[in-house]
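Undergrad: Hints are included, so try docking the two chains, each in its own frame, into the full complex.
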Amino acid sequence: MSNPVNIKFSDASLALIQNIMSRYPEGKQKSALIPVLHIAQADFDGWLSPQTMDLVASVLKIQSVEVYEVASFYSMFHLAPVGNCVFDVCRTSSCWSRGADNIIAHIGKRLGIKPGETTSDGMFTLKAVECLGSCGTAPMLQCGASFHENLTPEKVDALIDSYRAAGTRRSYTDMDYKNTL
Amino acid sequence: MGKKLLIHNDKVPGIHTLEVYRQHGGYASVEKALKTMSPEAIVEEVKKSGLRGRGGAGFPTGMKWSFLAKPEGVARYLVCNADESEPGTFKDRYLMEKIPHALVEGMITSSFALGAKTSYIYIRGEYFYVARILEAAIAEAYAAGFLGKNILGTGYDLDLYVQVGAGAYICGEETALLESLEGKRGNPRIKPPFPAIAGLYGCPTVVNNVETIAAVVPIINMGGEEYAKIGIGRSTGTKLISASGHINKPGVYEIELGLPVEEFIYSDEYCGGIWKNKKMKACIPGGSSVPILPTELLLKTAAGEPRLMSYESLSDGGFATGSMLGSGGFIVFDEDTNIAENLYTFTRFYHHESCGQCSPCREGTGWMEKIAHRIVHGHGKASDIDLLWDIQKRIEGNTICPLGDAAAWPVASAIRHFRAEFEAMIPKTELAH
Ligand SMILES: Cc1cc2nc3c(=O)[nH]c(=O)nc-3n(C[C@H](O)[C@H](O)[C@H](O)COP(=O)(O)O)c2cc1C
Ligand code: SF4
Ligand code: FES
Numbered sequence: 001m002s003n004p005v006n007i008k009f010s011d012a013s014l015a016l017i018q019n020i021m022s023r024y025p026e027g028k029q030k031s032a033l034i035p036v037l038h039i040a041q042a043d044f045d046g047w048l049s050p051q052t053m054d055l056v057a058s059v060l061k062i063q064s065v066e067v068y069e070v071a072s073f074y075s076m077f078h079l080a081p082v083g084n085c086v087f088d089v090c091r092t093s094s095c096w097s098r099g100a101d102n103i104i105a106h107i108g109k110r111l112g113i114k115p116g117e118t119t120s121d122g123m124f125t126l127k128a129v130e131c132l133g134s135c136g137t138a139p140m141l142q143c144g145a146s147f148h149e150n151l152t153p154e155k156v157d158a159l160i161d162s163y164r165a166a167g168t169r170r171s172y173t174d175m176d177y178k179n180t181l
Numbered sequence: 001m002g003k004k005l006l007i008h009n010d011k012v013p014g015i016h017t018l019e020v021y022r023q024h025g026g027y028a029s030v031e032k033a034l035k036t037m038s039p040e041a042i043v044e045e046v047k048k049s050g051l052r053g054r055g056g057a058g059f060p061t062g063m064k065w066s067f068l069a070k071p072e073g074v075a076r077y078l079v080c081n082a083d084e085s086e087p088g089t090f091k092d093r094y095l096m097e098k099i100p101h102a103l104v105e106g107m108i109t110s111s112f113a114l115g116a117k118t119s120y121i122y123i124r125g126e127y128f129y130v131a132r133i134l135e136a137a138i139a140e141a142y143a144a145g146f147l148g149k150n151i152l153g154t155g156y157d158l159d160l161y162v163q164v165g166a167g168a169y170i171c172g173e174e175t176a177l178l179e180s181l182e183g184k185r186g187n188p189r190i191k192p193p194f195p196a197i198a199g200l201y202g203c204p205t206v207v208n209n210v211e212t213i214a215a216v217v218p219i220i221n222m223g224g225e226e227y228a229k230i231g232i233g234r235s236t237g238t239k240l241i242s243a244s245g246h247i248n249k250p251g252v253y254e255i256e257l258g259l260p261v262e263e264f265i266y267s268d269e270y271c272g273g274i275w276k277n278k279k280m281k282a283c284i285p286g287g288s289s290v291p292i293l294p295t296e297l298l299l300k301t302a303a304g305e306p307r308l309m310s311y312e313s314l315s316d317g318g319f320a321t322g323s324m325l326g327s328g329g330f331i332v333f334d335e336d337t338n339i340a341e342n343l344y345t346f347t348r349f350y351h352h353e354s355c356g357q358c359s360p361c362r363e364g365t366g367w368m369e370k371i372a373h374r375i376v377h378g379h380g381k382a383s384d385i386d387l388l389w390d391i392q393k394r395i396e397g398n399t400i401c402p403l404g405d406a407a408a409w410p411v412a413s414a415i416r417h418f419r420a421e422f423e424a425m426i427p428k429t430e431l432a433h
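Protein sequences appear in the order of chains A and B. If you're matching positions, the first sequence starts at 1 in my numbering and goes up one per residue. If you're matching positions, the second sequence starts at 1 in my numbering and goes up one per residue.
Isolated chain B, as found in the complex (with noise of 0.2 Å):
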């Protein structure tokens, strides 16, 4: 059994309540953080502990956290981003309905450890009935004096609120969520600026993944280097997986980032193997935006080696004969899938989710969906695979922000590992030209 430091409690009956959860060593970390800690050693010691951003892009926190601006007499914020949104990924939803306290602990440590005196929980607004849980727990954390004014006598004051969006992926994105909060589109911001300089409402503001929060606990519990010594690399500490597809198994898993991949989909402690006793084609390591790999590169990199659960073992060999560790949204297809009808769902889902500001995003996506739309129904051209190819690369690196790469990737690496599947679905008679 790997360590497990977020949901470890997650079947404890009543965990979802401040006592149960306080039963359970719960608001330590808030204790000792705002108690003997200075923000500046908090920030070192989620730096020790080369926690990376759990949202997708994997960025160092520490170093996030020490890049927000710290104008005198200007507020900052800190935004949980609990958009979750990228498709096979449901783990801060897991988390936070759970334990919600793991997220209200979590915020209350960053947001000291920041200078933020008003924080936000940004919940997509189909999970409704979770920002119900969290402001439950929230609502409790004020009655113990975790929140509201000079928290637990430390002059500390702070307000914490559950915002809801309502439907929109793009909301995800940092600064298009920035924008839905302020009761906007969720139109992307040009950067820079960063959020880190102007962010909410023009304030310096740091924006972090549910996950990547909840993990500070742990961190200011054990300690930034103990925490550093789980995991493999710079893969420090553990992540949680959402297992989607057709295995025996589907939920959401904590590993110890560094675990073979063969032992998580195999393992019964995991996904239990594949469904109906049938062999995998393909998965998709990392949420849908993330390269889709054919089993042979999955379980071994193209050197041969073990491919690991970590960021970097996931990305060896580049996109050529990699991937990435995304958001941890591991979707598995058997072997009667038809790899090209699965992306089909994704074209439509980048086509609806583009928020249409830059021309390669929004009518390159539309491209794509009718094209591949063709495709699996059969009335492909020749020429049709070719020219996905063409559109995705003429979207990869033109748009304002990375929703475009999002689209493009899965595109390009279910041609580059799967093409003969495509062209088996185009019409002899259009071969024959």
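Pulled out of the complex, with its shape left as it was, chain A reads as follows (with noise of 0.2 Å):
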């Protein structure tokens, strides 16, 4: 799977990024590397792929391997496909002390799949991730910008429907996000 050739980010997010690279001083524009890869993540299939980071590159007027070598180095960073909704489930202490396998199993259960894996549909990809910052409300996950606290292999269905119903991508950068703390 690849973006289609010539790929352009859109007037929207070339604003954006325009202003994020107006916070450091004259010639620091390389600091705007990791909010731009969130954008470009957000804006072009929910992953990096090599054309997605060389557009990147050209845009911040850097070399394609400084990007690589950043974007190989954040665990939110996607270097292969991802579903609409990649499910990060905390498995950590504190998760875990509060029953984050079990969560981890269902959902892997209830979607046929382990963590690291995609739904056959394209649906959903659940990883097992570390503490989010997250612990007094465990067991939990985040998806897209949104933390889904003290969760039970009820709320986990409920949750697996309604993005099921929406059918959405759900990015980090999204502006809707919900959390229960």
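Just so you know, these hints were derived from the structure itself, not from any lab. Predicted, not measured: the structure shown is a model, and the values here were computed from it. Any given hint might turn out to be false.
Claimed, not checked - Cut-off 30 Å, straight-line C-alpha distance, at most; resulting in silico cross-link-like pairs (DSS-like, lysine-lysine):
| id | chain 1 | residue 1 | chain 2 | residue 2 |
| --- | --- | --- | --- | --- |
| 1 | A | K155 | A | K109 |
| 2 | B | K381 | A | K114 |
| 3 | B | K184 | A | K61 |
| 4 | B | K184 | A | K155 |
| 5 | A | K155 | B | K98 |
| 6 | B | K4 | B | K35 |
| 7 | B | K184 | A | K8 |
| 8 | A | K127 | B | K370 |
| 9 | B | K276 | B | K249 |
| 10 | A | K28 | B | K117 |
| 11 | A | K30 | B | K117 |
| 12 | B | K32 | B | K117 |
| 13 | A | K155 | B | K11 |
| 14 | A | K127 | B | K249 |
| 15 | A | K61 | B | K117 |
| 16 | A | K28 | B | K184 |
TA: Below, the structure is given as structure tokens:
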């Protein structure tokens, strides 16, 4: 799977990128790289293809290799296609202590996938991740910008149903977020 | 009820807006500091307050500020560390989400004290929605004249930006954070030079935790001496504690430092006791990196003194019988918890989060995960417990950044205090050898 040739940022995204680049001193525009990669991932199918990363490099006037190097370091950047909804389920101590393993197993069973896999309809990806700063509302998962907390198998089922019904891609940069804190 | 200075207004409807925040005394510290105090006088107040960094290390904030180099014609930066990725820690998120202006206000006063004209809040990428909340608060502060050019007519200019990360615990380490903010991989730098001399873009930089910056607000409002009267000994002021695990009321609590640990766990004002009427087995009082303690040593020091929520009391006895206040990530485990399994989640965490620059950390965390994995899955060898001990010893103190130590300490303390539990997981056939 690859993006169409000659991909471009939308005018709105370009304006946002220009704004971000203006936040750093002259000559330090590489600082915008991580924020811009977030925009790029959200704009181009939820992952960073080599082509998308080349586009980011050209906008920031840096080498493509500088972009690959950074994109591969951070766990929120996907270097291969993912489902519309990526479930980042926390598995670290506090969540583990309140049943995270059961939640991961439940989602896996409902969707017929293991952590790291995507459903065949391209709707869901399941990831087991490290502490998301929601330990007091464990167990929890993040999907796009939203945190879903104090999870039970029933809540997970409802969540899967509602995301499936909506059918849309969820991105970390989404403006509509839900959090139950 | 202990004193609250940081999140006392967290339940006020609309407190995230500038209007309501101001109705409750918000931005008074900016008015006072910028209009009536010199930068040096602000640093002096922070010194007098005894405030210690709330990010984990507890370094005196006033002293850190006074180390900032001030060469002519070179920009200086204040960078707020909102990376908050230490397992068990979620207090900064709570503060920023509920009362974003408390951080913005602290950033303005602190930036003025340090002579910074541009400041950044580096927030972990997973907290994207919190970044939106902060950006809305910052926009309000610009519109009200608290940010931008000539703030409150004082001639002081400040721009404040939120920068998101993208998922990497190591970016909470201050030099890795600066690398990340420069658009690079989060590889910690070799120190010296310290950020106070050469930090962001090679310029003198102060990096402070969210809670540290927010505490500057009450310090300026009440004066450093008054602040220092709160708390106990060298643990002055209040501290946000993130309480999680097997307790009845997980959440973020602001405590006066010096509160007895027992009261914190069992009082209804705080954790409300252990869930399901169970007994407590163990606790990690300061985030995943600090030593785990069995209940007896958590509630009382080896000398039999009641243990208090303070830097000194929690570390009383050193690593043999004590722990650390750390980031205040307080994780409680009930009597049914398998300590080895919990440790396995940490070994996996540190292996995943090692940046890989130094071989003792990169290789050692990998080995510790592998060995812990086989122990908890019933394939452990009789020699594995000593092997784990040996590996953690080789990491500790031999790495560029403190992540190596942070990975080693949980392993060491779990074996030190719960060795029998690990032994019980080794197959009997193995032990016969
Ligand atoms: C691996 C590692 C992770 C860290 N993560 C954080 C963090 O998420 N937030 C934080 O404030 N400090 C963190 N620190 C501590 C910072 O390096 C630094 O000491 C702190 O931000 C200084 O601020 P303070 O003096 O206000 O505490 C971390 C340190 C290490 C070694
Ligand atoms: S100790 Fe670990 S995380 Fe720190 S610099 Fe070395 S390899 Fe990287
Ligand atoms: S341990 Fe799961 S959010 Fe912190």
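Undergrad: Which numbered hints does this structure break?
TA: Hint check: 4 fails alone, others pass.
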